[in-house]
Amino acid sequence: MPHDSPTLEISLRLPRRGIERLDLLLLSVEALDLNGGEAMVWMSEQMGFTDRFPNRVELWKSRCHNPLRRTTRRGELAAADGDALIRILCALADRLYPVLRGLLSQAEAPEVLVQRWALFQSRLSELVKERMNPRRGGVQKYLNPETCVAECRQLVQSLALASGAGGFERLKASLLDAGS
Amino acid sequence: MKQTLRYDQLSCRLQVEGLPDVSAGQPDDAVGIITSWTLDWAGRPQLEGRKEHLVALMQVVMPYARHRISGVARRFGDATQPVDIGPAEAGEGHLLMLRSSQSDTPPLQIGLDDAELSDLVRVLDLLRMDPRLQLPLAIPVSRPLKLRDVLERTPLPQRLAAPLGGALVLALATAFALMLPQPKVPGGPVPGGAVPGARP
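Chains as they are written, first to last, in the working numbering: chain W, 2 to 181; chain R, 1046 to 1245.
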């Protein structure tokens, strides 16, 4: 960078809530893109993270540090693995930006927006039911139709703001928030 | 010598014009001095100004976006600053307020939806991270939020529920404990004068 706008270079481990949110954002990508799981592996290879995630199992194992999952892993997610996952997520969000924008734009016809949100929410809820522990409060809010709407909107807005040139810095800082 | 940097998104286009700072040895394609900028919005008035106005815009929009990504909706900037942004009072969306330095020009209010805010953040990110832009911009760095900032996203009644509930339970438990009769002291005086265990 030629000027002095410093980037956030924090090599800290993500806290528990940060890991939960990161995994939920990755799950949202899968809900937005039917081939999201494959896209994640492909993006990881494209971005040169093959040494960290040599195959889809390793990628899946790193996501299983999320304590909300049905099958959760003990131990902490390494800071470098967390960074790699955030970079993959930001790149996928950038790739999906037109879809995210389509969900967030008020210029779209209301009936089209309703259909898009209903589709996204139903896909996300299916994925959450399949992979997360439904007894956890953090999971139940995605399964409850009343609270799901606001939570889904927050996830999509976060993905839109995480896309683009400064997305990584912004999202990483957000995942490291106090109280997380 | 004049350079134009242009960044496009679906709803807006940012165009920055400037010159390389030859005294600092910058290459011909660099911008070290911003002479003017324009921000075109689809269906809205064009914004333009000097470098200070652009920096003022970035100084409120970037922290606002940083807080929004964490789910915290708070206003950045105030009436003394040329630009401020905050959540729209009615319904969803964001309100960008621009104040002209000319006293006879009323402030301009621009309502943005989430998609337009994302577009704006993307063009500002592209500008600030463009290697051709070679001048310092005083933009706050994205940092993790402190606990008191994070708490703002939880509604006040929800935040107060746990401590108030705890205090109520404690008060009830104390009141109940005070209502219990005191246990008799073993070996104390017995009503009627007889002392248990005393020899005549």
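By construction, these hints were calculated from the structure, which means they are not laboratory data. Do not rely on the hints blindly, as some may be mistaken.
[Unchecked claim] Reference listing, derived: stretches of chain W covered by chain R, where coverage requires no fewer than 3 residues with Cβ under 8 Å from a Cβ of chain R:
id	segment
1	106-116
2	130-137
3	157-166
[Claimed, not checked] Cut-off 20 Å, straight-line C-alpha distance, at most; resulting in silico cross-link-like pairs (SDA-like, lysine to any residue):
id	chain 1	residue 1	chain 2	residue 2
4	W	K130	W	E109
5	R	K1047	R	S1068
6	R	K1191	W	S126
7	W	K130	W	E112
8	R	K1191	W	A179
9	R	K1191	W	P16
10	W	K142	R	P1152
11	R	K1191	W	A174
12	W	K142	W	A166
13	W	K142	R	R1198
14	R	K1191	W	L13
15	R	K1191	W	R18
16	W	K142	R	K1096
17	R	K1096	R	L1055
18	R	K1191	W	R17
19	W	K130	W	A108
20	W	K130	W	R71
21	W	K142	R	K1191
22	W	K142	R	S1068
23	R	K1096	R	A1133
24	W	K142	R	G1116
Keep in mind the model is a prediction, meaning the values are calculated, not measured. Heads up, the beta-carbon is just placed ideally off N, CA and C, and yes, glycines get one too.
Hints and how they fare:
Coverage of the segment 106-116 of chain W by chain R holds in this model, with 3 residues showing a Cβ closer than 8 Å to a Cβ of that chain against a need of three. Check on the segment 130-137 of chain W: 0 of its residues sit with their Cβ under 8 Å from a Cβ of chain R, so the three-residue criterion for coverage is violated. Coverage of a stretch by a chain is defined here by at least three residues with a beta carbon nearer than 8 Å to that chain's beta carbons; for the segment 157-166 of chain W and chain R the count is 8, and the condition holds. Between the alpha carbons of K130 of chain W and E109 of chain W the distance comes to roughly 30 Å, so the proposed pair goes past 20 Å and is violated.
Proposed proximity of K1047 of chain R and S1068 of chain R is supported: the alpha carbons are some 15 Å apart, at most 20 Å. Using a Cα cut-off of 20 Å, the hinted pair K1191 of chain R and S126 of chain W is violated, with the two alpha carbons roughly 31 Å apart. A threshold of 20 Å between alpha carbons decides the hint, and for K130 of chain W with E112 of chain W the separation of about 27 Å lies outside it, so the pair is violated. Straight-line distance between C-alpha atoms of K1191 of chain R and A179 of chain W comes to about 5 Å, which keeps the hinted pair within the 20 Å bound.
For a cut-off of 20 Å, the pair hint linking K1191 of chain R to P16 of chain W stands: about 14 Å separates their Cα positions. The suggested pairing of K142 of chain W with P1152 of chain R is violated, with an alpha-carbon distance near 41 Å, which exceeds 20 Å. Between the alpha carbons of K1191 of chain R and A174 of chain W the distance comes to roughly 11 Å, so the proposed pair stays at or under 20 Å and holds. Between K142 of chain W and A166 of chain W, the direct Cα distance comes to roughly 31 Å. Violation of the 20 Å bound is thereby established for this hinted pair.
For the hint linking K142 of chain W to R1198 of chain R, the alpha-carbon distance of about 16 Å falls within 20 Å, and the restraint holds. At most 20 Å may separate the alpha-carbon atoms for a hinted pair to count; K1191 of chain R and L13 of chain W meet this at roughly 16 Å. Distance check on the hinted pair: K1191 of chain R and R18 of chain W sit about 14 Å apart at the alpha-carbon level, within 20 Å; holds. At most 20 Å may separate the alpha-carbon atoms for a hinted pair to count; K142 of chain W and K1096 of chain R exceed this at roughly 45 Å.
Proposed proximity of K1096 of chain R and L1055 of chain R is contradicted: the alpha carbons are some 24 Å apart, above 20 Å. Distance restraint check for K1191 of chain R and R17 of chain W: the Cα-Cα separation of roughly 16 Å lies within the 20 Å cut-off, and the hinted pair is therefore satisfied. Between the alpha carbons of K130 of chain W and A108 of chain W the distance comes to roughly 32 Å, so the proposed pair goes past 20 Å and is violated. Pair hint K130 of chain W plus R71 of chain W holds up; C-alpha atoms about 9 Å apart against a cutoff of 20 Å.
Simply put, K142 of chain W and K1191 of chain R have alpha-carbon atoms about 24 Å apart, too far for the 20 Å limit, and the pair is violated. Only pairs whose Cα atoms come within 20 Å are accepted, and K142 of chain W paired with S1068 of chain R is rejected, the gap being roughly 59 Å. For the suggested pair K1096 of chain R and A1133 of chain R, the alpha carbons sit about 27 Å apart, so the restraint of at most 20 Å is broken. Our distance criterion of 20 Å between C-alpha atoms is met by K142 of chain W and G1116 of chain R, whose separation comes to about 15 Å.
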